[in-house]
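Q: Taken in sequence, the protein lines are chains Z and L.
Counting with our numbering, you get residues -18 to 274 for the letters of the first sequence.
Counting with our numbering, you get residues 2 to 357 for the letters of the second sequence.
Misleading hints may appear alongside valid ones.
What the hints assert, rightly or not - Some chain L residues close to chain Z (C-beta under 7 Å, calculated; not the full set):
#: 1; residue: Pro113
#: 2; residue: Val131
#: 3; residue: Ile301
Said to hold, decoys possible - Now the in silico label distances, taken between C-beta atoms and shown as ranges:
#: 4; chain 1: L; residue 1: Ser207; chain 2: Z; residue 2: Gly17; range: 21 to 29 Å
#: 5; chain 1: Z; residue 1: His139; chain 2: L; residue 2: Gly152; range: 57 to 65 Å
#: 6; chain 1: Z; residue 1: Asn143; chain 2: L; residue 2: Pro113; range: 33 to 41 Å
#: 7; chain 1: Z; residue 1: Val42; chain 2: L; residue 2: Lys325; range: 51 to 59 Å
Rather than coming from a laboratory, the hints here were simulated on the basis of the structure.
The C-beta atom is built at its ideal place from N, Cα and C for all residues, glycine as well.
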Amino acid sequence: MEAWSQFVQLLFSGLTVGSIYALVALGFVITYSVTGILNLAQGDFAMLGALFCITFVNSGVPFVLAIGLSIMAVMAIGGLFERLAIQPARRSSVAVLIIITIGVSFVFRGIALLVWGTDPYALRPFTGNEALRMFGAVIQWQSVWAIAISVVSFIALHLFFNRTYLGKAVSACVINPFAARLMGIDIRKMSLGAIAVSAGLGALAGIIIAPISGASYDMGMMIGLKAFIAAVVGGLTNAPAAIAGAFLVGMLESFAEGYLSSGYKEAISFGLLLLVLFFMPNGLFAKMTGKRV
Amino acid sequence: MGMEQYRRMVDRRKQWLLLAGAAVWLGLPWLVFGNNYVLSTLILIGLYALVSTGMTLLMGYAGQISLGQAAFYGIGAYASAYLTAHAGWSPWLALAAGAVLAALVALVVGIPVFRLREHYLALATLGFGVIMFTFFKEWKGITGGLNGFFGIPTIRIGGFSLQSDLHFYYLVSLFVLAGLWFAHNIVRSRVGRALRAIHGSEVAASSLGVNITKYKLQIFMLSAVYASIAGSLYAHYVTFINPDLFGIVPSIYFLIMVVIGGSAHVWGGLIGAAVYVCLGEWLKAVVPLLLPNAGGEFEIVFFGLLLVVMLIYMPNGLTGVVAKGMSKILEMSRHQKKQVAPTENHNARSIGGERG
């Protein structure tokens, strides 16, 4: 029974982390599909979202409003980033664009350091502190929230891209930018929109994880890199596969931490990255689906 | 003016420049009155210059990106630390062993990595950097883990221990000179020409019979050796190391140095390292005066901005600018230039250090 409850515990912790990675990974996939840019500053949107939300809550803004405000603030920052750093460099090589996003990531980290300092902050859980007991395992309500919110977000995004005019316009840009332009779709606006939406998803992820693991100026890099692995495992342009990849990475980490050693969990996820890159550079699920975004 | 005469003049001016450079190099410690702070800053510049010169070869000439170069810096540092402190090796032997180890690791990692392109190549080197960092952190028996590695002995030459900053300054700058000289020769060799061809167009180079993978691997191994040697020297200089010095953020700092300096010239690494270190020291002195509660690694915000702005507006880095100035000093004035036939002038440009 002991082993079983530990298994359930690790399973839930993996699902929780996985859903966070999935939200950020979706941001990667959307940005990459629409703009062709691998945005290494993606994880820092999560950091900014979490810290904004904590600041709003601490200054007396009602909880739900604070969440909405911080997501909007981070989306605005994402839009600014697109206009100031990505647009002027659109014609640069892939390597240069990657390095630019690294530079932006440093700027976000540095600004957060100057504004919020080096100490970690805590955010109160969305609902109460009591835990849920299931199969002998103790599961925090926040984990349930994390999984539920990300599932709702996936469904909402799916509907957005398949059922709304704007969503279809974005999908059109992904499939064939030239034809999309002929149809009167403004690709520059789509690029702005894609990065803003990715930033919003990142912010949401940061806000969800903050009550579980706290928030600090340097939390973005690891979240970003893990989500990155998830997106690569999924093949970079395939949203459902990226979500599956995110849960895979989350589980792998959680079980590695529980059964092996916590120190090596990073090496295990990045080892997975290298294996996938070397042997299946189109992602683990390349054959399963051909659908993009 | 004839070709011979012109060449002699360029050579003469070059000799003067070299002489002036040597005088500055020898005299610098006295110029700053043996100030230890300045000397330690110069030593740091030299160590970083070694790493970034290797990276300049890799990025500028082979056109490959590396986001995990600090891992090789770490391999050198830990190899030297462990072999001298625990196994009792001579520092020189340990330095060589670290370099061989780094080259081997680069070979093993490079074979699969250089089959990848662009995004995936960047990601793979990043992944390699994180994995090596994890090993530095977790392999406590060898590295001392997060607590760090204490008590690394100083370097000795004969029975003479290089303890003071002054001694170390000369030692490091000898290595930097050797490194620059070697890089300069590589660039002008058959390998250098092949690398430039790869950078220009991999398909074209490959169709002309250039073995792309072999050259990329060789230059990757060479850049690993540069980083490893710098790491070994660093370990002996500070006598204490910890894994944070060899993580992803330091790798990005090396990348920033290469971008600042510009990767189209072998001098880029040295210039980038000098600007990076000086700017960093200046920021550490000035920013706390303006923002009293600024702590930690706040300077990353400036380096991040610098990286973005340079890549958008000055993608060839500072050496692009400096090289123009240099070739003006080395070559003749515009008036004299007109009297030389275009073919000769073209020749002269390649002498002046311009990349053809």
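Q: So, for every hint listed, does it hold in this structure?
A: Hints, verified against the model:
1. Pro113: With Cβ-Cβ at 4 Å, under 7 Å, it holds.
2. Val131: This interface hint holds because 5 Å falls under the 7 Å limit.
3. Ile301: Constraint on L:Ile301 satisfied, holds at 4 Å.
4. L:Ser207 - Z:Gly17: 21 to 29 Å: With Cβ atoms ~25 Å apart, the hint holds.
5. Z:His139 - L:Gly152: 57 to 65 Å: holds (59 Å)
6. Z:Asn143 - L:Pro113: 33 to 41 Å: Holds: the Cβ-Cβ distance is about 38 Å, inside 33 to 41 Å.
7. Z:Val42 - L:Lys325: 51 to 59 Å: The hint (51 to 59 Å, Cβ to Cβ) holds, given that Z:Val42 and L:Lys325 are roughly 55 Å apart.
In summary, the structure agrees with every hint in the numbered list given earlier.
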